[in-house]
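Let's have the full structure, built from the sequences with the hints guiding it.
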Amino acid sequence: TISDWRRPAPDTIPCKAKAAGLYMICTLSKQAADDKGYSDAMMLDYRGLVSEATGANVFFFRDGELHTPTPDCFLDGITRQTVIGLARGLGLKVIERQIKPEELGDFDECFLTGTAAEITPVAEIDQYHYQPGKICQMIVDAYDKEVQPKRAAAE
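With positions in the sequence shown counted from 1, the corresponding number in our numbering is that position plus 92.
Don't read these hints as lab results, they were simulated from the structure. There could be a bad hint or two in this list.
Claimed, not checked - Taking lysine to aspartate or glutamate pairs in the EDC-like style, the calculated list, with each CA pair at most 20 Å apart, reads: (1) K226 - D200; (2) K192 - D155; (3) K192 - D96; (4) K226 - D198; (5) K185 - D200; (6) K242 - E210; (7) K237 - E247; (8) K192 - E157; (9) K226 - D236; (10) K122 - E247; (11) K128 - D96; (12) K185 - D233; (13) K128 - D155; (14) K237 - D198; (15) K185 - D198; (16) K192 - E210; (17) K185 - E157; (18) K122 - D200; (19) K226 - E216; (20) K237 - D218; (21) K226 - E157; (22) K185 - E195; (23) K226 - E201; (24) K237 - E216; (25) K128 - D200; (26) K122 - E216; (27) K226 - D155; (28) K122 - D155; (29) K192 - D168; (30) K226 - E247; (31) K185 - D155; (32) K122 - D96; (33) K192 - D164; (34) K128 - D236.
What the hints assert, rightly or not - Quick list of the computed label-pair ranges, beta carbon to beta carbon: (35) K192 - R243: 34 to 40 Å; (36) A208 - D96: 22 to 28 Å; (37) I170 - P102: 27 to 33 Å; (38) E216 - T104: 27 to 33 Å; (39) D198 - E247: 37 to 43 Å; (40) D96 - P241: 20 to 26 Å.
Positions of the beta carbon are idealized from the N, C-alpha and C atoms, including for glycine.
As structure tokens, this is what we get:
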């Protein structure tokens with residue numbers, strides 16, 4: 093579901109940092125999503141554009157292109173950066189841009205990225221439905237191949 097709360101403007105709070113004020117907005121949004129039967133909420137920024145989920149970055153796929161919001165008012169996550177590099181290495185065109193909520197129905201696949209989420213397919217955002225598909229699976233496989241040696245070394 094799309095949250096009623098918005099991500100603040102970059103000149104309001106250090107929005108590219110994990111800051112306590114931002115956690116409150118995400119906590120309230122996640123709780124409201126849970127109350128509606130959703131597992132997470134999609135956050136819009138102060139302009140009303142798609143920014144991220146409450147604790148993860150978001151990607152959308154259509155027509156051979158991977159779209160992700162420009163990280164100008166939210167944390168440009170390490171997993172996000174890794175996925176962008178892996179997707180480009182797989183020959184996918186990655187487009188970082190402003191995404192309007194009304195575009196959400198135009199995409200075929202959607203997934204979240206984050207330290208905890210790693211790569212998690214999204215099936216639904218409000219009335220928009222997605223099929224976890226081959227692109228998401230390709231990226232999951234590439235990500236696992238990339239991080240598995242690091243996991244093993246850490247154990």
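Hints, one by one, checked against the model:
{"no.": "1", "hint": "K226 - D200", "verdict": "11 Å, holds"}
{"no.": "2", "hint": "K192 - D155", "verdict": "18 Å, holds"}
{"no.": "3", "hint": "K192 - D96", "verdict": "15 Å, holds"}
{"no.": "4", "hint": "K226 - D198", "verdict": "17 Å, holds"}
{"no.": "5", "hint": "K185 - D200", "verdict": "15 Å, holds"}
{"no.": "6", "hint": "K242 - E210", "verdict": "14 Å, holds"}
{"no.": "7", "hint": "K237 - E247", "verdict": "16 Å, holds"}
{"no.": "8", "hint": "K192 - E157", "verdict": "16 Å, holds"}
{"no.": "9", "hint": "K226 - D236", "verdict": "15 Å, holds"}
{"no.": "10", "hint": "K122 - E247", "verdict": "32 Å, violated"}
{"no.": "11", "hint": "K128 - D96", "verdict": "12 Å, holds"}
{"no.": "12", "hint": "K185 - D233", "verdict": "18 Å, holds"}
{"no.": "13", "hint": "K128 - D155", "verdict": "32 Å, violated"}
{"no.": "14", "hint": "K237 - D198", "verdict": "30 Å, violated"}
{"no.": "15", "hint": "K185 - D198", "verdict": "17 Å, holds"}
{"no.": "16", "hint": "K192 - E210", "verdict": "24 Å, violated"}
{"no.": "17", "hint": "K185 - E157", "verdict": "5 Å, holds"}
{"no.": "18", "hint": "K122 - D200", "verdict": "24 Å, violated"}
{"no.": "19", "hint": "K226 - E216", "verdict": "17 Å, holds"}
{"no.": "20", "hint": "K237 - D218", "verdict": "33 Å, violated"}
{"no.": "21", "hint": "K226 - E157", "verdict": "13 Å, holds"}
{"no.": "22", "hint": "K185 - E195", "verdict": "18 Å, holds"}
{"no.": "23", "hint": "K226 - E201", "verdict": "9 Å, holds"}
{"no.": "24", "hint": "K237 - E216", "verdict": "27 Å, violated"}
{"no.": "25", "hint": "K128 - D200", "verdict": "24 Å, violated"}
{"no.": "26", "hint": "K122 - E216", "verdict": "15 Å, holds"}
{"no.": "27", "hint": "K226 - D155", "verdict": "13 Å, holds"}
{"no.": "28", "hint": "K122 - D155", "verdict": "31 Å, violated"}
{"no.": "29", "hint": "K192 - D168", "verdict": "19 Å, holds"}
{"no.": "30", "hint": "K226 - E247", "verdict": "30 Å, violated"}
{"no.": "31", "hint": "K185 - D155", "verdict": "10 Å, holds"}
{"no.": "32", "hint": "K122 - D96", "verdict": "11 Å, holds"}
{"no.": "33", "hint": "K192 - D164", "verdict": "15 Å, holds"}
{"no.": "34", "hint": "K128 - D236", "verdict": "32 Å, violated"}
{"no.": "35", "hint": "K192 - R243: 34 to 40 Å", "verdict": "37 Å, holds"}
{"no.": "36", "hint": "A208 - D96: 22 to 28 Å", "verdict": "24 Å, holds"}
{"no.": "37", "hint": "I170 - P102: 27 to 33 Å", "verdict": "20 Å, violated"}
{"no.": "38", "hint": "E216 - T104: 27 to 33 Å", "verdict": "31 Å, holds"}
{"no.": "39", "hint": "D198 - E247: 37 to 43 Å", "verdict": "42 Å, holds"}
{"no.": "40", "hint": "D96 - P241: 20 to 26 Å", "verdict": "42 Å, violated"}
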